[in-house]
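Residue numbers (full-length UniProt numbering), protein chains in the order written: chain A, 1 to 269; chain B, 1 to 269.
Derived by calculation from the structure, the hints in this document are not laboratory data. Quantities reported herein were computed from a predicted structural model and do not represent experimental measurements. Be careful, since some hints might not be right.
Pairs count within a copy or across copies, as identical chains cannot be separated in the list.
To be verified - Heads up, simulated EDC-like pairs for lysine to aspartate or glutamate below, C-alpha to C-alpha not over 20 Å straight-line:
no. : residue 1 : residue 2
1   : Lys174    : Asp186
2   : Lys116    : Asp73
3   : Lys174    : Asp210
4   : Lys265    : Asp198
5   : Lys145    : Glu55
6   : Lys24     : Glu118
7   : Lys193    : Glu55
Protein chains: 2
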Amino acid sequence: MDIKPYKIKPGSQFRLSQFEAGDKSLINGDKDSARAKLDTLRARLESLQELLYAEGRHKLLIVLQAMDTAGKDSTIRMVFDGVNPQGVKVAAFKAPTAEELAHDFLWRVHAKTPAKGEIVIFNRSHYEDVLITRVNGWIDTGTCKSRYRQINEFEQFLVENGTTVLKFYLHISKDEQKKRLLERRDTPRKQWKFNPGDLASRARWDDYMDAYTDAISATSTRQAPWFIVPANSKLQRNLIVSSVICDTLEGLKMDYPKAVEGLEKIVVE
Amino acid sequence: MDIKPYKIKPGSQFRLSQFEAGDKSLINGDKDSARAKLDTLRARLESLQELLYAEGRHKLLIVLQAMDTAGKDSTIRMVFDGVNPQGVKVAAFKAPTAEELAHDFLWRVHAKTPAKGEIVIFNRSHYEDVLITRVNGWIDTGTCKSRYRQINEFEQFLVENGTTVLKFYLHISKDEQKKRLLERRDTPRKQWKFNPGDLASRARWDDYMDAYTDAISATSTRQAPWFIVPANSKLQRNLIVSSVICDTLEGLKMDYPKAVEGLEKIVVE
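Same shape as in the complex, but just chain A:
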């Protein structure tokens, strides 16, 4: 699968509104084949994660950002289904605590970055500090621009120290969000996920699209690229995220560690 169309080139001019949230090109009307492809990708990811863990050399950081209901939780569950939970950690960043606010905005995220052999998924991230903060006017334009630079420098530092960084924006349309919010409102088992506060973000939809556009433009680097993932279709979304992760891990040219010297001669009494 060609993942290039979803990758944002450094310095490229784009607007989120140019991207078709409803794109289903990878399914192409044939859901069964698409599901089979996803199963194959899952099996690949399972092996690749085992290898990453065994080799214990690389670290993988995956950042997930999106509007509410776009499927961050579901992506994590579907893409990592079957992968050893031992080597995969999810760090969810909510409204910062008093202690977190008393530190710089990268403090709490740095603490959760992956160790050697680990995959860490950020469910929301330091990007909230240039999104919700900007939309609500809690930071001014100058601070926001400084933060883009600080984020780039921080991610560059992680990369220089052995971390591979992948960032995904799960792109749904405003109409799709409406559909999903109504489904949550009206389905007893989903009602607990309905947070009336989400409507406040929805009311600022266009401002969020602008904030995402600017943040992604400013921080999609060669070392830590952003991918914009059409996410109205869950299957399309999962196929893209899985492919990008698998291709990236394969690109690391990992190998199982060499056996200790003289292993074959060791006697087990």
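Given the coordinates of chain A, work out where chain B should sit on it, guided by the hints.
For chain B alone, kept in the frame of chain A given last:
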């Protein structure tokens, strides 16, 4: 499935050597049915974990202890296959760091205990501080006994504060360990797991069995029981661990949170 035979009653006299590591009674010669049962248990666990997470009231701590190769990693992978990684964390405790050693022995484990709605699996735990330390003579008998009491008090504290605690000893025979060590030694993809240091523990097998017997006797409480799981057969092992977790979660009588007042009237623009 009746989980009682595997549960150690508080204050009961037993020796690990009385337990049949090779027990396959739950499979009873019919692997296909046993696998189907395990699939059913997995699906149950997936729903129960979602409910635990949604309700956000209970915390579940699972302690896994065992001799090398007994299958701690594999149990985690097999039992939690398909469960949302977002709500399940694994904390692996290795040889303590200098900073950890500079604190009391419960400091590093307390930091990793589950939050509301979470499942945390300890891969090894504070029990190493009454096992490897005792077998190697790093602590004396008096310290070891004090630690049993301190562990019971600590776990009692966790329980009083909303944590459910389940502790599993995965029981393999010395012969089975030999088989698995040789398999690791001779299978290229598994050689990285072969740690010649494991042979040192193997050489002290009987001392470890004594240390486990004493520790389990002293710390299997009504609130935080130990289960001794026959683990020569992976299927038998997974069936027991899954059943205990499912039965325990079902016993919590959880429910999805009530929808916010007037939810059905909320308009999504």
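Hint by hint, here is what the structure shows:
For the homomeric pair Lys174 and Asp186, the shortest alpha-carbon distance inside one copy (18 Å) is at most 20 Å, but the shortest distance between copies (56 Å) is not. In this assembly of identical chains, the alpha carbons of Lys116 and Asp73 lie at most 20 Å apart only when taken from different copies (17 Å versus 24 Å within one copy). In this assembly of identical chains, the alpha carbons of Lys174 and Asp210 lie at most 20 Å apart only when taken from the same copy (14 Å versus 63 Å across copies). Proximity of Lys265 to Asp198 under the C-alpha cut-off of 20 Å is restricted to the inter-copy arrangement: shortest distance 15 Å between copies versus 63 Å within a copy.
In this assembly of identical chains, the alpha carbons of Lys145 and Glu55 never lie at most 20 Å apart, being 38 Å within a copy and 40 Å across copies at closest. Taking the closest pair of Cα atoms, Lys24 and Glu118 never come within 20 Å of each other, the shortest separation being 31 Å inside a single copy and 35 Å across copies. Proximity of Lys193 to Glu55 under the C-alpha cut-off of 20 Å is restricted to the inter-copy arrangement: shortest distance 10 Å between copies versus 39 Å within a copy.
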